[in-house]
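> Now for the letters of each chain:
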Amino acid sequence: MTLARRRQFAGAVFALPAILLVLGFIVVPIGQAVYYSMTQWDGITASWIGPSTWNQAFHNPTLWTALRNNALLLLSVPFALGLPLAIAVLLHQRVAGWRIFRSIYFLPTAISWVVLGLVAQRFFAYQGTLNSLIHFFGFSATNTNMLGYESTALSALGITFIFTMIGTNTMLFLTGLATLDTSLEEAARIDGAGRWRIFRSITLPHLRRFIQLAFVMTVIALFSALFSLIFVMTGGGPGYATTTMEFLIYQTGFNQGDFGTAALYGLILFVLTAIVGVVQLRLIGSDE
Amino acid sequence: MTTPLLDPSESPVIAPVRRRRRLKSGRVTLFVVMVGVAVVMLYPFWVMIYNSLMTEAQFLAGKGFSLGSWSALTSVIPVGQEVLSSTIICSASIVIILLIGLPAGFAFSKLRFRLSTVVFLVIVSAMMVPLQAILMPEFVNVTKLGLTGGYAGAVLVYAALGTPFSVFLFTTYFRGVPDELIEAGIVDGLGYFGVLWRLVVPIAVPAIATVTVLQFIQIWDDLLVGLLFIQNTSERPITVGLAVLSAGRTTSIPQLMAGSIISALPAMVVYLGFQRYLVKGLTMGIDR
Numbered sequence: 001m002t003l004a005r006r007r008q009f010a011g012a013v014f015a016l017p018a019i020l021l022v023l024g025f026i027v028v029p030i031g032q033a034v035y036y037s038m039t040q041w042d043g044i045t046a047s048w049i050g051p052s053t054w055n056q057a058f059h060n061p062t063l064w065t066a067l068r069n070n071a072l073l074l075l076s077v078p079f080a081l082g083l084p085l086a087i088a089v090l091l092h093q094r095v096a097g098w099r100i101f102r103s104i105y106f107l108p109t110a111i112s113w114v115v116l117g118l119v120a121q122r123f124f125a126y127q128g129t130l131n132s133l134i135h136f137f138g139f140s141a142t143n144t145n146m147l148g149y150e151s152t153a154l155s156a157l158g159i160t161f162i163f164t165m166i167g168t169n170t171m172l173f174l175t176g177l178a179t180l181d182t183s184l185e186e187a188a189r190i191d192g193a194g195r196w197r198i199f200r201s202i203t204l205p206h207l208r209r210f211i212q213l214a215f216v217m218t219v220i221a222l223f224s225a226l227f228s229l230i231f232v233m234t235g236g237g238p239g240y241a242t243t244t245m246e247f248l249i250y251q252t253g254f255n256q257g258d259f260g261t262a263a264l265y266g267l268i269l270f271v272l273t274a275i276v277g278v279v280q281l282r283l284i285g286s287d288e
Numbered sequence: 001m002t003t004p005l006l007d008p009s010e011s012p013v014i015a016p017v018r019r020r021r022r023l024k025s026g027r028v029t030l031f032v033v034m035v036g037v038a039v040v041m042l043y044p045f046w047v048m049i050y051n052s053l054m055t056e057a058q059f060l061a062g063k064g065f066s067l068g069s070w071s072a073l074t075s076v077i078p079v080g081q082e083v084l085s086s087t088i089i090c091s092a093s094i095v096i097i098l099l100i101g102l103p104a105g106f107a108f109s110k111l112r113f114r115l116s117t118v119v120f121l122v123i124v125s126a127m128m129v130p131l132q133a134i135l136m137p138e139f140v141n142v143t144k145l146g147l148t149g150g151y152a153g154a155v156l157v158y159a160a161l162g163t164p165f166s167v168f169l170f171t172t173y174f175r176g177v178p179d180e181l182i183e184a185g186i187v188d189g190l191g192y193f194g195v196l197w198r199l200v201v202p203i204a205v206p207a208i209a210t211v212t213v214l215q216f217i218q219i220w221d222d223l224l225v226g227l228l229f230i231q232n233t234s235e236r237p238i239t240v241g242l243a244v245l246s247a248g249r250t251t252s253i254p255q256l257m258a259g260s261i262i263s264a265l266p267a268m269v270v271y272l273g274f275q276r277y278l279v280k281g282l283t284m285g286i287d288r
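For the record, the sequence lines run as chains A and B.
Quick note: the first sequence uses our numbering, first residue 1, plus one each step.
Quick note: the second sequence uses our numbering, first residue 1, plus one each step.
Just so you know, the hints here were simulated from the structure itself, not pulled from any lab data.
Keep in mind that a hint or two might mislead.
[As the list claims (entries may be wrong)] Some chain A residues flagged as far from chain B (calculated, every beta-carbon gap over 10 Å): (1) M38; (2) S52; (3) T62; (4) L67; (5) I134; (6) F139; (7) D181; (8) E186; (9) D191.
[Unchecked claim] Dumping the calculated SDA-like pairs for lysine to any residue here, alpha-carbon to alpha-carbon at most 20 Å: (10) B:K280 x B:Q218; (11) B:K24 x B:V35; (12) B:K280 x B:R175; (13) B:K280 x A:R209; (14) B:K280 x A:L177; (15) B:K280 x B:V201; (16) B:K24 x A:V89; (17) B:K280 x A:T179; (18) B:K24 x A:A96.
Glycine included, each C-beta is placed from N, C-alpha and C at the ideal position.
Please take these sequences and the hints and turn them into a complete structure.
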């Protein structure tokens with residue numbers, strides 16, 4: 001073998017375990033899901049039905065409820081980006097003790113969303129912190145129970161989601177701000193630009209890529225990381241008020257034993273995240 | 001000069017002083033705002049600690065403190081067993097992710113073989129596939145292989161989900177390694193495996209740390225995989241233990257909160273100790 005050949009061979013051998021693992025546990029199951037989505041499947045035996053299962057699935061109002069819940073939760077994304085952006089700008093001013101503040105702000109990011117869900121439950125509970133706060137501000141007759149009602153449960157979930165994203169996104173933006181050339185801001189200030197003007201014309205454009213990345217990560221988390229929160233806080237209820245696509249997949253498969261339909265829902269989620277994924281890959285690839 | 005205030009040459013000194021005073025009051029406001037944000041971000045910890053320091057009866061009555069929930073904790077939640085399970089699952093998964101990702105990253109960056117670009121793209125794209133999208137086929141496959149009886153199923157699923165990111169990170173990292181280093185190693189007769197082990201791994205320590213920290217927090221905090229891919233309750237990781245317990249409505253909230261603290265501690269320690277590696281990992285791909 002020539003040297004070039006040997007190098008290629010070594011490369012293929014080194015890459016093989018990764019290729020096999022990803023093929024076996026991610027790529028092949030996508031193919032299987034396509035097949036099983038057109039069957040009646042209980043996890044043991046599958047009987048072929050055909051593409052009509054897709055037609056049927058889209059007539060199921062629960063699917064539309066879940067999709068609508070996902071769409072509504074997207075309304076939390078501006079907050080999940082805006083608040084961290086504001087916090088990062090505050091941290092970037094480097095007031096006394098900013099390093100300690102930074103650590104404190106990031107700390108909840110380390111905690112499992114299972115635990116944060118449990119805490120959120122205490123916050124929204126009838127005898128929880130939210131009602132205590134409302135009473136403290138003088139509205140002693142007002143009592144909320146956001147997780148208990150179909151009209152408010154999704155908002156409570158959205159608020160919790162915003163809280164859970166603050167640490168990661170603040171970290172991203174702070175990293176972005178650290179790469180900002182301060183002499184640029186200084187020059188603008190000397191030229192008489194106000195703070196808001198500097199933020200809009202210098203800081204924001206500089207952070208563009210970081211904001212894009214945070215946006216993609218937040219949307220992906222919204223589609224595929226809420227399971228822990230929902231499982232702990234609401235179990236998808238009341239009714240289907242907090243059932244998102246990912247939770248619907250779990251419920252359909254493991255509570256109703258309808259593996260075929262669950263596989264189909266999985267593919268819908270796959271398409272949704274793939275759209276976001278294409279955006280992500282373009283972000284990463286646009287440098288090369 | 002006896003009247004320095006009238007000396008024009010002194011005015012530049014006065015101006016900054018005035019400016020600084022205005023800044024100072026601004027800084028105080030800023031500091032207060034930051035303390036406010038800190039209170040919000042520390043809220044989960046306060047809820048956990050405060051509620052865990054009560055017995056069930058004290059919690060229901062809303063007054064009184066004791067260590068009762070802590071001393072009786074192990075009889076309700078097998079914390080020791082669950083932390084051990086979490087530790088085993090975490091470390092086994094991370095070891096596999098590193099053992100598979102490192103050589104693959106080396107191969108994709110330095111030992112490119114036929115179609116390696118395409119294969120690399122497929123693996124990186126797999127990063128965007130959420131587990132929920134392929135949950136049903138994955139669950140059935142792993143169950144049929146008989147891997148849900150111990151830790152093996154969960155470990156393999158975590159390894160497969162973590163591999164695309166680690167391959168991406170190592171590939172990007174190794175692109176910065178000069179080709180001459182590898183050629184020199186080959187000329188010296190180390191062989192490709194020797195080059196990987198003796199030359200590449202030692203310089204990859206920061207990348208290894210980044211993958212380890214990110215995956216540790218991800219896996220330690222996860223619920224879904226542990227919930228579905230581990231059948232024996234005696235092998236449950238702690239997040240699953242907490243989530244399942246909270247779903248049963250009779251659970252004592254103080255004890256749940258005590259368990260939450262125990263689950264949160266390891267991830268927080270890792271987080272505070274290795275913050276900078278996390279930041280590096282998060283901004284990988286736009287921060288080059």
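> Against each hint, give a clear statement of whether it holds in the structure.
Hint-by-hint comparison with the structure:
1. M38: holds (13 Å)
2. S52: holds (19 Å)
3. T62: holds (16 Å)
4. L67: holds (14 Å)
5. I134: The assertion about I134 (chain A) holds, with a minimum of 16 Å to chain B.
6. F139: The assertion about F139 (chain A) holds, with a minimum of 19 Å to chain B.
7. D181: holds (15 Å)
8. E186: holds (14 Å)
9. D191: holds (16 Å)
10. B:K280 x B:Q218: Answer holds: K280 (chain B) to Q218 (chain B) is near 16 Å, not above 20 Å.
11. B:K24 x B:V35: holds (16 Å)
12. B:K280 x B:R175: This hinted pair holds, its Cα atoms lying about 16 Å apart.
13. B:K280 x A:R209: holds (15 Å)
14. B:K280 x A:L177: The hint holds at about 14 Å.
15. B:K280 x B:V201: holds (18 Å)
16. B:K24 x A:V89: Holds, at roughly 17 Å.
17. B:K280 x A:T179: Holds, because 13 Å separates the two Cα atoms, which is no more than 20 Å.
18. B:K24 x A:A96: Given pair K24 (chain B), A96 (chain A) holds - Cα atoms ~11 Å apart, limit 20 Å.
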